[in-house]
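Residue numbers (my numbering), protein chains in the order written: chain Y, 3 to 506; chain A, 1436 to 1738.
The set of hints was computed from the structure by calculation and includes no laboratory data.
Keep in mind the model is a prediction, meaning the values are calculated, not measured.
Heads up, some of the hints might be wrong.
Below, simulated DSS-like cross-link-like pairs (lysine-lysine); rule was C-alpha separation at most 30 Å, straight line [what the hints assert, rightly or not]: (1) A:Lys-1497 with Y:Lys-427; (2) A:Lys-1497 with Y:Lys-378; (3) Y:Lys-427 with Y:Lys-378; (4) Y:Lys-244 with A:Lys-1654; (5) Y:Lys-33 with Y:Lys-45.
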Amino acid sequence: MHRTGPIVELVSTISDAAETIQQLDTSQLVKHLVAAIGADSVKSGRLDQHLYAKDASVLRGTSSVVTLPRCTADVQAIVRTCTANGFSFVARGSGTGLAGGAVPLDNAVIIATARMNAVEEVDVENGFAWVQPGVLNLDLSRALLPYGRHFAPDPSSQQACSIGGNVANNSGGPHCLAYGVTSAHVLAIEVVMADGETVMLGGLDAEPSGYDLRGLFVGSEGTLGVATRIAVRLTPNPPIVKTLLLDFVQPNDGAATVSSIIAAGVVPAALEMMDQRAVEVVEAFANAGYPTDAGAVLLVELDGMADGVAADVETVRRVAHANSVRSVRVAADDAERDLLWKGRRNAFGAVARLKPDYYLHDTVVPRTKLQEVLEKVYEIADRYELLAVNVFHAGDGNLHPILAYDSREPGVMDRVHAAGAEIVKASLDAGGVLSGEHGIGLEKRDYMPLMFTSADLAEQDRVRSVFDPADSANPMKVIPSGSRCGDFAGHTGSGHTIPEGAWV
Amino acid sequence: MTAVEHESVVAAFAEEIGRSDPVAVVGAKTQWLVGGEPAEGVRLVRAPAGIISYEPAEMTVKVRAGTTIGSLNEELGQHRQMVPFDVDDRSATVGGVLSVGRSGIRRRRYGHIRDFVLQATYVNAVGDVISAGGPTVKNVSGYDLCRLMVGSLGTLGLIAEVVLRCVPVPTASRWFTYDGDPRNLDASLFQASSILWNGDTTWVLLEGHEADVESQAGKCGLQPTEGAPLVPKHGRLSKRPSDLYGLTGDFLAEIGVGVVHVGVGHLETSGAVEQTGARHLHRAVKERMDPKNRLNPGRCPIL
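With the rest of the complex left out, here is chain A:
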């Protein structure tokens, strides 16, 4: 496809979104209920799919928002690279995962998924195609509107395509369990990719060079295990890492991060511990960027 044809794909998406009536974007619906369902009867659109360009020596990939995480990582994997967007369902889309803005269980090692977005092209409330950020791995040109898109649930603009930073696939990747206090591990392991705790057992993912993984596991008395534990799906809490140790019931906490996955019957089911202190400002951003509330009406990222 030529550059002009690529632009026409974005233009067609903008055309479909239009300029006036309420519209919601749908990906694979793997996190469809986060922040509320779109209002009833709202017109649904799908973002275009496909990898536009991939430069292994740059460690960057330009990809359309409707591309599935599974197919993206399959392509990147050919060059032993990946985007560490850990999803349970490989059909989840790039645009969907970014719009919801929830990082996966390896955030402890790789950081927040927002930090992988170098450039975002989206369609705004009046149907204009907007590009923010830049295609290179480092860039401070202009306001970082890419960050605003991540976690916005498509309420400020509908993502058409993004340039993402990739990372190398680690040579070894092993899950272990641990019987002691997870705080011991938090302090003594360097760059564990994930430490998960359910109040009883601790699961640890170590990634890197084979010998480092084995020596760290040996030093801390970790037991090899098959893989990641089942992650409860009923709710998700946001806490400080130090506030995880009084939890009870059916939960799985991300040690060192503060995300808690909870099962059915848990007292808390959602919500950040610390409510945003600038709610009026968040609302003002929404009102300025989408004054008619036509983008994903019904969905709200502001608690």
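Looking at chain Y on its own, in the form it has when it is part of the complex:
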């Protein structure tokens, strides 16, 4: 998503990678990996190293070797080979993550799951499907369509993002307002641990015994092991779906409508907000009939049985009118619905009409604080001479401020990062959290002490270390290095350091 001039960047980074390679002898590692999983599954060329050194964030790391396993046994062999040769590893789905979670540090070996893309089994009666981690989110829901089911989490990147990545980040999406995030839609996970052993977390029966290690694994950003098979929960498609577009002159009326809808006892399937700039760029791209002079629009989706949906539509209409809505448009058919959603789903790309680059943030605030924090976001962006665009999951208070910029301006990244840090702090000050769905990864790792005490972080790391005592699964992510304290006996951390120049 970080759209800099591709050729210039490619050339400069290949020379960076070349320097790394001179320092690092991977020949033995490559030889062992080829012996374990075959030459066509191991890539160690500079171009591959370059391509896999970053995800959709602006962060870049250094990878050593890229592997493309086909099955669980391949992943086990890769992990064992890494451990035996003193390398760490990073599982990677589609690389759409925005927090640097898949950015390799410590010359980690990349385990790219793209070839593990089979929907292995669909069991409608028991309400699950076994899928491999490389299955793409939208492909899964398409595969489930003949059964009248879908996979509920639907991140905006759903055409590209993988189920393994969704599990790693506990991904959300517009429809998690009513349906819940990934954790509520995963029943069991087959995991290859850092020691190469395979374990099954969770289960397909109603109440698997033991601790909810499945729930712990979801959202652990690849630091507890590599998911190789995932049993996802199937959600029945609702019989009736209505999508409404609410148009407000004043943004604060839109924000007030969000909390009033919830307070009125309606939990929409999705409740999205776009500010004026977002509406302008989206309309220019999608031609969906969005009112480009609106101060803010809300996209409200209601689903369920016919009479309940009809009643909810009326409640939303009433609440919106009480908050000075200018117009309420109800999509007449699926084509109109799709058009409205097309605009929302492609909003981030459409920002390119304003500026060539953008940085997408992700924080959550209480719904009742939306307007207050939005105003702060605009104020912060103005102060740093950046353009703020807001398209977000308003129903659950999940802000996605976009800072649009032109990376050719000297020093602009410093301003982008400084503004980002202020946005994060403003969200926390309003009683919010660091991330709603993008994860902590590297991007927000060092902000963790703003939300958690050192005892909280030590507790998190203590649990992590049960799975991966040597810190070889996606090292140096999520927990800031200063907070690592192993067990209660209190030995020091793993000793990893972030290489100089890993940040771009």
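Given chain Y, put chain A in place with the hints provided.
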């Protein structure tokens, strides 16, 4: 109460739990025998009670673990909201229900009770107050230790307070019976809140808009009935939804979920069909988080 006074309530609970001797937490004892009784002579503590803050427009409530489900839902009900923790005994506590981790008979509609926990503050084995998760309805900041607490029987930490997500109370809520094969209903009803079957009769709970409840009931030939059937209490089995149809004896099965409530004399009385495949890992988590086995000794969630 001020924020500082709230913190002092948690601090006092941590103080009472202490840092070294064996300790067990007691709620209303409504599921006291699940996973075994605490070891004899172990010191018992009670979690503090009371609603700390409730924001109807946020649909979240911050509540102390010792609060009863009855009093919590009474307060939430004032704003036509609830937490769907279905308990037989309204004196069951929030902390107790979460620590045992068994969802109620409306799980089919509302999902597992663990998915209602947004933030948990607990006291760990060395007496530190730990907070995990976050107060907002959506959050992926850090490891989800809240999930680890639910169903842990207090063996990893003793819950002091939680932030819970609430849901609207449905406008209509009606029980029906059905004489046919429950599999027909499982396939044809959208979002039935509960389908219970005893091998003979099927009970169905439909919730939502009045007209939808009536039309679904009419379409499927359901007969109105007084309320939920008596749920056998002797044991509880965990199965896959497809494995319920060979059951015999005194049982009540949750169709589409797989939980089976069994009466006295049933052959199976407890246990998951599929034993956990990672028992060593579950044990390692316990050993790392409570190396001296001082939290609820005697109780064990690992089969």
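Inset, instruction - Below or equal to 30 Å on CA atoms is what counts here, so check Lys-33 of chain Y against Lys-45 of chain Y. - result: Given pair Lys-33 of chain Y, Lys-45 of chain Y holds - Cα atoms ~11 Å apart, limit 30 Å.
Inset, instruction - Take the C-alpha atoms of Lys-1497 of chain A and Lys-378 of chain Y, compute the straight-line distance between them, and say whether it is at most 30 Å. - result: Given that 30 Å is the threshold and the Cα spacing comes to 27 Å, the pair holds.
Inset, instruction - Would you mind confirming whether the straight-line C-alpha gap from Lys-427 of chain Y to Lys-378 of chain Y stays at or under 30 Å? - result: 11 Å, holds
Inset, instruction - With a cut-off of 30 Å on the C-alpha distance, tell me whether Lys-244 of chain Y and Lys-1654 of chain A pass. - result: 23 Å, holds
Inset, instruction - Verify the proposed pairing of Lys-1497 of chain A with Lys-427 of chain Y, using a straight-line Cα cut of 30 Å. - result: 23 Å, holds
In summary, the structure agrees with every hint in the numbered list given earlier.
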